[in-house]
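J.: Listed here are the chains, written in short residue letters.
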Amino acid sequence: MHDRRRVLQWATFARSWWIFDANHQCPFQSANRLCLFLEGKHKPIYHPLSDCGDHVIVINTKHIAMPDRFWRAWRHFHHTQYAGGFQVQRAWQVHREDPTKILKKQIYSTLTGNLLRKGLMARLHLFPEEDVPEGMLRNVSNQIRQVMPVPKTLEDYPIEERESFPRVFEWPEEYVVKDGKEFERQKEYLDEDLSLSKLQ
Amino acid sequence: MTNRGIPSAFLRTTLHNGIGRYVCQLQRLTIKFCKEQKQSRGVRDFIENGLVDFAKNNPSVAVYAQVKRHRSPALVAEYLNGKTHIIPVAEKEAAELLEWLDFLRTRSGEDLIRMRKSQHTFSPSIQGAWTPVTNKQVFPPDFTFPNNELFQAHKFTESATDILQRLARKSTSKTD
Amino acid sequence: MALAKTCCGAIKRFRLELPNFMNPPPITVLQGARTYKQHSYRYNKELYRRRLKVGPIEVTPRSKQLNWNEDVELEAFTHRISEKLSRVGVRQAFTDMSYSRSTAQLVKEVIGDSVQGQELDALDTSAGNEQMAESGDNLARKFIKDFIKVQFPHLPEEGVGSILEFLMSTGKLAHVGKHLGITDLILYDVPLVSLINEEQGEERACAFVRDFIITQLIGEDIDAIFPITSAMTRLVGLLEKKGQGEPISRLLEHCGQATAVSCYFVGIYSDNELIGKAPGETLEIAEEMAAHDALMSLYGIQENRLPFDFNTTYKQYGILNSGTQPTLLSSEQH
Amino acid sequence: MVTPSTHGVADRINEQISQNSHGRLFAVIYIGGHQFKVTTEDLLLIRTNRRFPDVGDRICIEKVLLVGGKDFTMVGRPLLNNVRVEATVVEKTLSHRKIWFYFIRRKGVKKLKLIQDFLTVIRINSIEVSEVEDDVD
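Residue numbers (full-length UniProt numbering), protein chains in the order written: chain A, 1 to 200; chain B, 1 to 176; chain C, 1 to 334; chain D, 1 to 137.
To be clear, the hints were calculated from the coordinates, so they are not data collected in a lab. Here the structure is a predicted model, which is why all the values come from computation and not from measurement. Take the hints with a grain of salt, since some may be wrong.
Said to hold, decoys possible - Derived pair list, reagent style DSS-like, types lysine-lysine, alpha-carbon separation capped at 27 Å:
no.	chain 1	residue 1	chain 2	residue 2
1	C	K142	C	K178
2	A	K187	A	K105
3	B	K92	D	K98
4	C	K242	D	K70
5	A	K152	A	K62
6	A	K152	B	K155
7	B	K83	D	K98
8	B	K117	D	K98
9	D	K37	B	K136
10	B	K170	A	K152
11	B	K117	D	K37
12	C	K84	B	K56
13	B	K68	C	K64
14	B	K117	D	K110
15	D	K70	C	K149
16	D	K111	B	K92
17	D	K107	B	K117
18	A	K41	D	K37
19	A	K41	B	K155
20	D	K70	B	K136
21	C	K64	B	K35
22	B	K56	C	K178
23	B	K170	B	K136
24	C	K64	B	K56
Next comes chain A alone, as it looks inside the complex (with noise of 0.2 Å):
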C-alpha cells in the first residue's frame, strides 16, 4: 500500500474528542446526544461493526438539571446475589455519593448492548466539576452542543438591570423576605443527617 492510502486511511478512523458542559443539562438528553458520538454514528462512515466512536469528555456532571420529581423518582437498582441484598437508591442518593453516576447509568443504558459497548464506555471521561486533566484537554479539537440553554440565575444578572426590571408592585418596607437560604440549610441538614446514619 501507498504512504499516501496509508496516512489516508488512519486520518479517515482516527478518534477525535470532543467535550461536553452537562452545566444545567438533562441527563437523559444528554446521553442520546452523547451516544452518538461514542458509538461514531455522527460519521458519514459509521457501520454497527466498526468500532469508529470519538472520545468524549463531559464536565459538571455534579450540576445536571432534572425536575423535582425525577429526583425522587429515578430509582438506581443494585443486587450484591446475596440473600436480602437488594437495595434501591434514589436519584439524589446516588447523585451525593458519586455525582457522575447518574450520567454514566443513563449512557450505559442508552448505547447498544453489545460486545463493543464496554470498550465504548472506555472512551467516556466523566468529570464532576470541570478540573479535566491537562494532558487529557489537549486531545480535545472540538465540543458537543448543549441540549438545553442553561438559564440564567438571578446573579448572573448586573445590579443595574436587576434594579431596572419593571416591577408590577414594591414590597412593603416592613416585609421580610425570605433571603433563599433555605434550600442549602436543608442540604446541610441532611448531610448531617447521612453522615450520621454511616457512623452507625
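Using the hints, position chains B, C and D against chain A.
T.: Only chains B, C and D this time, still in chain A's reference frame:
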C-alpha cells in the same frame, strides 16, 4: 446469509474493454454435432441455413463445425480471457440455437457467478475521502476548550419571557 | 469417499508447485470428522506417488488441436482489432525470428543444394518480425511519450520515462497480447503496430497503441509507477525553480495529539496559498505527505485530475513529426 | 432572501467549466430503476431485457440527477439538462442461477425454480458538463 456459501466475484472486464474500442470477447466457436442422430437435427438445420450468416455478421469470431459421431451436440465457446463455455444443445431447434449463439457472442467469458457489487470504479472519491476534519468548524489558534458561549443549545422557540420582553420593547418604542 | 476425492483434487492441483518427492503435502482431515481414516490417507499417498511418477501433463498448443485453421484465426484477429490488414503481413508479424530461422534450416537440410544461397538469406530475414518489432517499438514509444506529455504537461521527464517503461514492459505487453487472443499465434504484439503503420497509416497505428496499450494506465497510481522520494526537498527545489515562495508548513488540525494514536493534518503554504495538505501519524510524516500532495498537484497527477481523453485523435504532423511540445489538434468521436 | 454564500456561485462554476479546470467529474445517474454515483471509466451492472442496445453500442444516459467536480456539486430539481453522460454497452449476459424454492412440510408441496436474470454491463465513457444559468434570485 445463504449467498455466502456460493462463489462470488467482483465486476470486471478483460483489458478495460469499452474504453478504447470495443472488442468482441468471443474468440472461437465450435459447433459439435452428429450427422445421423435425431438430437442434432436442429443443429444440422442451423448449419445449413444460418451459420454462414452468423459467421458473416461476426467476422471476429473463428467458427468451426466439428462432426462427432453419435455424440450429443454442443456449442463450445472460447473467450479471450482463456475460459471456455459449453452449452449442450441436444433436441434444440435452429431458432433457439441462434438465441444461444447470441448469448455466447455478447458475453465476456467470465463465470456466471454472484456479483458482490453492481458497480466497479477506479476513482472512489473525487472531492476527497471523509476525515474527521472534513467540514469541521475552524477555530482560531488561541481557542481553548471548553467554550460555552459558542456551544450553547439552539433556541428554536421564544420563551414566555422573550415574548413579554419583545412586546414590552414594542410598546415602549410606540409610546416614544 | 468424498474426503478421498477432495484430497485427490488438492493433490492434483498442487502437484506442479511441489516437485519434491520426499515432501508430499500434508493431507488434512476435515474438521468435524469423527474418525481418522488411515486407509484413505494411505490411498491418497499412493495416488500422489503415482501421479508424481507419471510426471507433468504435456501441454498441447491450441494450434495442434483438430478445430484449428490458421487462416480463419488470422482473419478473425484482424477483425477483432477493427483493422484491415493483409493476411501475409499479419502472419509475418506473428512469426518470430527463431521460428523462421529454424524453418530455413529445415528447408536447407531437406532440399539442400537446389536452393540458392541468396534465396535462403532472403527467407532468413524477410520471414521474421525482428525489423517490424523494432520499428513498432519505436513508433509506440514515441506516441506514448507524446500522449503522456499532452495529458500530464507538468510531469518531469523521469516521470514520463517511468510511465513509458511501465507500459512497454514485457509483462504488460504480454498481458495485452494474451487478452487480444494472440497467445496461440505469437508472443509479442509490438510488430503489429509497425504493420498497421505500413498498411493503415500512422494515425491508425497510434489509435491502436492508445486503445490497447495506454488503457493499461487506467486504475494505476501514477505515483506508484513514478515514486516521488524525499518530497520536501523536491518541492523546495521545484518552487525555487518556478520562482515561488519557499514552502511553509502549518498544523491545520489534529486528533488526539497527546495519545499514542494521534493524527495530524498539515498544510503547506507558498506565498500565502495552500498548495497541499495531508494527514499523518506524526508531524514529520504529515509534513512529508503534504509535500507529496503539493508535488502531485504541481505535476498534475493528483487523484481528481481530468480522466484520459481516449477519444482524441492526434494528427500526424502535430504529434509525430514535430520536435516541439505536442498540441491537441482535433477531437472527434471514435 | 439572498444569502451571500450563494451569490455568484454559478459564475464561479461556469468559470471552471469554461477553463476545463474542474478535474474529474462524477454524476448520479438513474438507470434501471436504481441510482448510481458514477465517474468516467466506471462499470455498471444493470438488470435489463434482451432488447437493450447491442454490445459495442454507444448510449447516452438522459437522467442525470447530480453532477460534481472537485470544487462544486450541482443538484438537479430533479434532473439536470446541462450534463451529457455517455456509455458503451460492454456485455450482455445472464446472472447466476438463483434458487426459488417453495415448500410446505407434510403436505407434499414442493416447487423449485432456477431463475436467471438478464444483465447488462455498461462502461461510462465520458461525463461532459456545459455552463449553467444562474437562477438564484
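J.: Work down the list of hints and note, for each, if the structure agrees.
T.: Against the structure, the hints come out as follows:
1. C:K142 - C:K178: holds, 23 Å
2. A:K187 - A:K105: holds, 24 Å
3. B:K92 - D:K98: holds, 24 Å
4. C:K242 - D:K70: The hint holds at about 25 Å.
5. A:K152 - A:K62: Distance of about 18 Å is within 27 Å: holds.
6. A:K152 - B:K155: holds, 14 Å
7. B:K83 - D:K98: OK: K83 (chain B) and K98 (chain D) at ~22 Å, within 27 Å.
8. B:K117 - D:K98: Given that 27 Å is the threshold and the Cα spacing comes to 16 Å, the pair holds.
9. D:K37 - B:K136: With Cα atoms ~25 Å apart, K37 (chain D) and K136 (chain B) stay inside 27 Å; holds.
10. B:K170 - A:K152: holds, 23 Å
11. B:K117 - D:K37: holds, 13 Å
12. C:K84 - B:K56: holds, 16 Å
13. B:K68 - C:K64: holds, 18 Å
14. B:K117 - D:K110: Given that 27 Å is the threshold and the Cα spacing comes to 32 Å, the pair is violated.
15. D:K70 - C:K149: holds, 23 Å
16. D:K111 - B:K92: With a Cα-Cα distance of about 25 Å, the restraint between K111 (chain D) and K92 (chain B) holds, given a limit of 27 Å.
17. D:K107 - B:K117: violated, 39 Å
18. A:K41 - D:K37: With a Cα-Cα distance of about 23 Å, the restraint between K41 (chain A) and K37 (chain D) holds, given a limit of 27 Å.
19. A:K41 - B:K155: holds, 24 Å
20. D:K70 - B:K136: With Cα atoms ~18 Å apart, K70 (chain D) and K136 (chain B) stay inside 27 Å; holds.
21. C:K64 - B:K35: Within the cut-off at roughly 24 Å; holds.
22. B:K56 - C:K178: holds, 25 Å
23. B:K170 - B:K136: Not OK: K170 (chain B) and K136 (chain B) at ~39 Å, beyond 27 Å, violated.
24. C:K64 - B:K56: holds, 26 Å
Comparing the model with each numbered hint stated earlier shows that hints 14, 17 and 23 do not hold.
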